[in-house]
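S.K.: Put the two chains together into one complex; each comes in its own frame, and the hints tell you how they fit.
Each chain is listed here by its residues.
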Amino acid sequence: MKSVLDHLQTLGQKGTGFFERLGRASILFARILGGAPSLFLRFSLVVQQTYSVGVLSLLIILVSGLFVGMVLGLQGYNTLVDFGAEESLGVVVSLSLVRELGPVVTALLFAGRAGSALTAEIGLMKATEQLSAMEMMAIDPIRRVLTPRFLAGVISMPLLAAIFSAVGVIGGYFVGVGLLGVDDGAYWSQMQAKVDLYDDLLNGVIKSFVFGIIVTWIAVFEGYDATPTSEGVSRATTRTVVHSSLAILAMDFILTALMFGEH
Amino acid sequence: MTIRLTEIWVGIFIAAGLAALLMLAMKVSNLSTYNQDKGYEVTARFEDISGLKVRSPVTMAGVTIGRVTNIGFDKNTFEAVVTMRVESQYNTLPKDSSASIYTAGLLGEKYVGLSPGGDEKSLQQGDRIKLTQDSMVLEKLIGQFVSRMMNNDSSKDKSSGK
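Sequences listed follow chains S and G, in order.
Residues 5 to 267 in the numbering used here are what the first sequence lists, from first letter to last.
Residues 559 to 720 in the numbering used here are what the second sequence lists, from first letter to last.
One chain only, chain G, in its complex shape (with noise of 0.2 Å):
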């Protein structure tokens, strides 16, 4: 009888176990996001993606529609070359969509936003998006503000001097 509590307890102790790992991994983590579908990859090459990562979201009027699976580097143009893989339930996406790399807030993570175009046709798997528009770099921003406010300085100098 006790050999048999015992064994029950046990019992409960590994599904209990278990249980929390599944919450865990249904709950917490994102499993539910994961789909088993596989979708289609398309590309996109940019000039400067700084600070996009494997697996940053792929959305498209603000809603996820994928995920960015690789980055590469083109050694002849020197471009980055991204590769999204897009759920196949979105397979109606305008062959001349364009790619930008936005962040989320100010210094939020970065993401790829498409933005739908007016072509019939659709992507397919392998199709290269041609429009991109780069990451904003705040530092390049910032620069170009500092450089545009001493020219103003400096003309203004010149005007009243004269």
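Here chain S stands alone, though its shape is the one from the complex (with noise of 0.2 Å):
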């Protein structure tokens, strides 16, 4: 009988704890947007986190862009050729690239490369009582640590995607034209006449920014929030891929259906 009790009892504590944690993470979203004006007048702050959120992530992006970008022509051309479609390809690569693939993958990545970083690097801060000290000087941690970073994750994840989306693009090029003799004409034409610049790829650029807002306020979050020891922060570094990753996917389910439903 009491092991029932103790398990309702574990259940609502999660419950409760969720709901903690996510009224939390609002809370500091909302501080998070309120330091952004005053960081116009430093804004070197910002350009340094660029620095390490995305010039740092550029590299995994290229490379992976490039080979996503490659199997989606050789897997294309192999679906296309059987109904004698091939020069569709163009088409095929491009669509799956700047509706889903670019803005996904990349988030993904994102997550990973510096997501994780941002929260071991911020929770370390805090277990280091590097936190504590500046807010001893009367400055606001949030503002002075927490914003740029979230600052340089929003503005770095739609230039990422792009890239991604274009490095890919050529990527499928060099297969399908250079390798399986598509019509060079045809996958250019075809991809233009088909891909459209506000359907298509300005959704794809605002699905990249809802994401690079979903994974640095996660990532930031979870940083500040961690518990201040070594097992803390290593936890609150899994938690911030594991839950951007969801979070991407399922945002991007919700995204799609109201970006590409019927019109």
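To be clear, the hints were calculated from the coordinates, so they are not data collected in a lab.
Computed from a prediction, not measured in an experiment: that's the story for all the values here.
In the PhoX-like style, the derived pairs of lysine-lysine whose C-alpha atoms are separated by at most 25 Å in a straight line are:
1) G:679 to G:596
2) S:198 to G:611
3) G:585 to S:198
Label-pair ranges, simulated between beta-carbon atoms:
4) S:85 to G:573: 36 to 44 Å
5) G:580 to S:254: 25 to 33 Å
6) S:202 to G:563: 34 to 42 Å
7) S:239 to G:631: 58 to 66 Å
8) S:182 to G:699: 38 to 46 Å
9) S:45 to G:576: 18 to 26 Å
For every residue, glycine included, the Cβ atom is placed at its ideal position computed from N, Cα and C.
M.R.: Below you can see the structure in the form of structure tokens.
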């Protein structure tokens, strides 16, 4: 009897714990945004963070974008050639990259590469009491540490996704046109005929922007909220990657349903 | 020095991101086919437009000269009203040109094909194309074909019975 009650108790504890964290995360989000205007006076902080968040993620984005594009070219060709429609390869590659794979895969890689690093850095700052030291010096650690990182992530994500898609289209071109003999002109012209600037490209950019907000928000929150021990920081880093990946995929479904449903 | 290097790298990163966006816009999407000039709008009425969509191409002799901008429904005549925007460089289309809805390939997407008439006056903003031909609906064609086959069969049966 007692064990059943215990289970109920842990269930309730987890439930309230979830809402507690969600509430804390929302308040933190508002405070981060509140710190944004004052950053225009010290924009170099954002530039420095853009370097560690965006520039250092560039290599992994370039390489994986190229390979994803090449795989799409190969897979798409093998399927399309059965229908004699291999001229549509450009459409397949570009639409899947611009609408889905570009934003989603970039966001997943971004969560693994930049998000985890953000959490670990902030969590370690907390564990070594650097954040408390800032508060002692009357410096708001949210404005000084979190907001620049958040803004850098939000700026970097759409750019990384655009680079991913562009490199992927080129990768598909190498495989499709260079290797498999799809017509050069058909690859680009069919693409241009089918990909719409607003419906496809702009919605893809909006998606990557939203993913950027989600990933960086989760990463920054987990770091700031981490238990200040080495184990706590490692758990927070794991949570960042897991939670942001799940959030990206769920959000992707919602955004896709909103954007690409029946007009 | 390191700060300067960081800034250079961030600059390169931002520039590369924007260049990628620009490349996607120009090379991948249809930005290059958007043009600034407004062109002029003409309307046409069809009894059946099944499958025609806004932004479907409007062609003459196979060349895309405009896009469908709006599809409406006239509740008095029960006809579809298709509004098309034709680029202003093609301003010499005869007034009695006819519009038909064709399908690209057997199952491809629908588009409006214009055929020139012989009128000396040309189409202006707001004109209506009077001669139209409806979209070919595959189900209807198959239905007609099947019913004709059945008629043939029954007439053959009658003749053989006699």
